[in-house]
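Novice: From first to last, the protein sequence lines are chains A and B.
Mapping to the numbering used here: the first sequence position 70 is 70, numbers consecutive.
Mapping to the numbering used here: the second sequence position 242 is 502, numbers consecutive.
Don't take every hint at face value.
Stated by the list, open to error - Cβ pair distances, simulated, as ranges:
| # | chain 1 | residue 1 | chain 2 | residue 2 | range |
| --- | --- | --- | --- | --- | --- |
| 1 | B | T300 | A | L239 | 56 to 66 Å |
| 2 | A | P97 | B | R381 | 39 to 49 Å |
| 3 | A | V251 | B | E411 | 16 to 26 Å |
| 4 | A | R253 | B | T339 | 56 to 66 Å |
| 5 | B | R381 | A | I83 | 21 to 31 Å |
| 6 | A | A151 | B | T339 | 33 to 43 Å |
| 7 | B | E411 | A | Y98 | 55 to 65 Å |
| 8 | A | I83 | B | R287 | 28 to 38 Å |
| 9 | B | G306 | A | G160 | 25 to 35 Å |
It is worth saying that the hints were derived from the structure and are not from the lab.
For glycine and all other residues, C-beta sits at the position ideal for the given N, C-alpha and C.
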Amino acid sequence: MSTSRSFVAITLPPFVAAVVALAVWEGAARALSVPAYLLPPPSAVASAAVGDASALAGACVTTGLASLVGFLASAVIGVAVAIGLASSRIVERGLYPYAVALQTVPIVAIAPLLVLWCGAGPRAVAASAFIVSVFPVITNSLAGIRAVEPALRDLFTLYGASRSQVLFKLELAHAAPQIATGLRIACGLSVIGAIVGEFVAGFSEGSPGLGILVMTSYRQLRTDLLFAAVGCSALLGMLMFGMVSAASSLVLRRWYVAAR
Amino acid sequence: MVAARSRWPYICRRVPKAVDIRGVRRRFRIPRGLFGAEETVLALDGIDLSIEEGSFVALIGPSGCGKSTLLRIVAGLDTPDEGTVEVAARARGEVAYVFQDAHLLPWRSVAANVALPLELRGVPREERDAKVLQALEEVELSDAATRYPAELSGGMRMRASIARALVTRPKLLLMDEPFAALDELTRQRLDERLLALWREHHLTVLFVTHAIFEATFLAERAVVLSGRPAHVVHDAAVELPAVRTAATRGEPAFARAAGTLLAALDQGPG
């Protein structure tokens, strides 16, 4: 039963830490009678989460979908851009600085442009999630493709491999662990990008996202609901991370066998 | 059949050339400083070398003299600045190359690695599997077919690499210090296995090494290159019986043959 013991050993410490932190928080909030709009006790956050469960769930779905669309666009476009940049040194030298520039421009500054181009709503939010999350996919994929040993390229040349055989059987296969690393970073960033995007571009018909929920609870001084929304966005990020990790370890199981 | 193989076949009849190298020069430009200044280094300085079909030729020289460059030129992976190279084996898979390290793809099993050259040529799966099995048997690696390169020892990885080279049934086998990273005992076993494979498959082998005893044991003919810029300083038959076994290494003739090569290597300036 060593596996169940190690499962307990992994899950118990963070669980205990959370219980202790919540208890201290609850006790402090009550003992010091902090006003609820400054720091609501966890019990108040929990009851707000239950009371507004449908609003929170709708917000999670809206933000989750926008993050997912932005993340998938990052995965496809990021890897494609990396392949393009890797195809020649001159192309890389010419375009890579602009990929870096994309990374350094604050998303809050571009978000109004996205509203102008895509209109307020889910498309602008997904575009924001994409812009924030695409850079790590590009850099990691590019590093992975660049790391292919020259001897392996020689081997493929010697056997007359076509460009697509080199791409799929050598470059992408070789870069797979680095691409997976880029995707794991990107999925968390896409949730951040979606929520920031919603602050600027999220007002539209349909169920409001977590960013909107954060803004409206702040304006109404409903700090308990604000905490619940923040908690939900953390859960959403972890869910995305878990999904990407599971998918990548499934795809990379041969790499992991190799590394064992 | 094997025993009848003469060491000097061209005395009796003209044997076709597997490789014919004439006046090959190769320069490399090495960038110096920030402003695009370059220094030109001459790696190969007028190499003439022709290799008969079915022979086993060792190419010896000091480290960094350009042996690997010459081998890459023969493989068509590099082009000379001057001179001509004619290689009889021209079709895909007729030339095989074994690198200094095994260079297997870590995400593929041993069998999938060996199958790679056939896969790239679009050979159908059933045909591929049969050939892979046979190639693995030849290097005594059938048991490890489903294992991954990271799980293998250095010697097993190199045998997988040789199986990958043999799977297309090449005519010309180019080897670039393939056993340099292995321990002495493993290296000697692989040398013996390689000689057996060479006889079985009537291969032409061009074997680059800086190990004199290995060259003496393996080759019918040894070509010694000088230090950079490389030219041929010695080109002669290795004076040993055609069929060599582990016992050959203990014979006085073996030490004499190795001594000849060592003297030639010492002579080369640079």
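Novice: CB of B:G306 to CB of A:G160, is that within 25 to 35 Å?
Specialist: Hint holds: Cβ distance 30 Å, inside 25 to 35 Å.
Novice: Range hint 21 to 31 Å: satisfied by the CB atoms of B:R381 and A:I83?
Specialist: 24 Å, holds
Novice: 16 to 26 Å was suggested as the range; check whether the CB atoms of A:V251 and B:E411 agree with it.
Specialist: This hint holds: roughly 20 Å between Cβ atoms.
Novice: Does 39 to 49 Å hold as the CB distance between A:P97 and B:R381, or does it fail?
Specialist: About 41 Å separates the Cβ atoms of A:P97 and B:R381, which means 39 to 49 Å holds.
Novice: Falls inside 56 to 66 Å, the C-beta gap from B:T300 to A:L239?
Specialist: Given about 59 Å between the Cβ atoms, the range holds.
Novice: Hint says 33 to 43 Å; check whether the CB-CB distance for A:A151 and B:T339 agrees.
Specialist: Given range 33 to 43 Å: violated, Cβ gap about 18 Å.
Novice: Could you check the hint for me, namely that A:R253 and B:T339 are 56 to 66 Å apart, CB to CB?
Specialist: 41 Å, violated
Novice: Could you check the hint for me, namely that A:I83 and B:R287 are 28 to 38 Å apart, CB to CB?
Specialist: 33 Å, holds
Novice: Please check whether B:E411 and A:Y98 have a Cβ separation lying inside 55 to 65 Å.
Specialist: At 43 Å between Cβs, range violated.
In summary, the structure is inconsistent with hints 4, 6 and 7 from the numbered list given earlier, while agreeing with the others.
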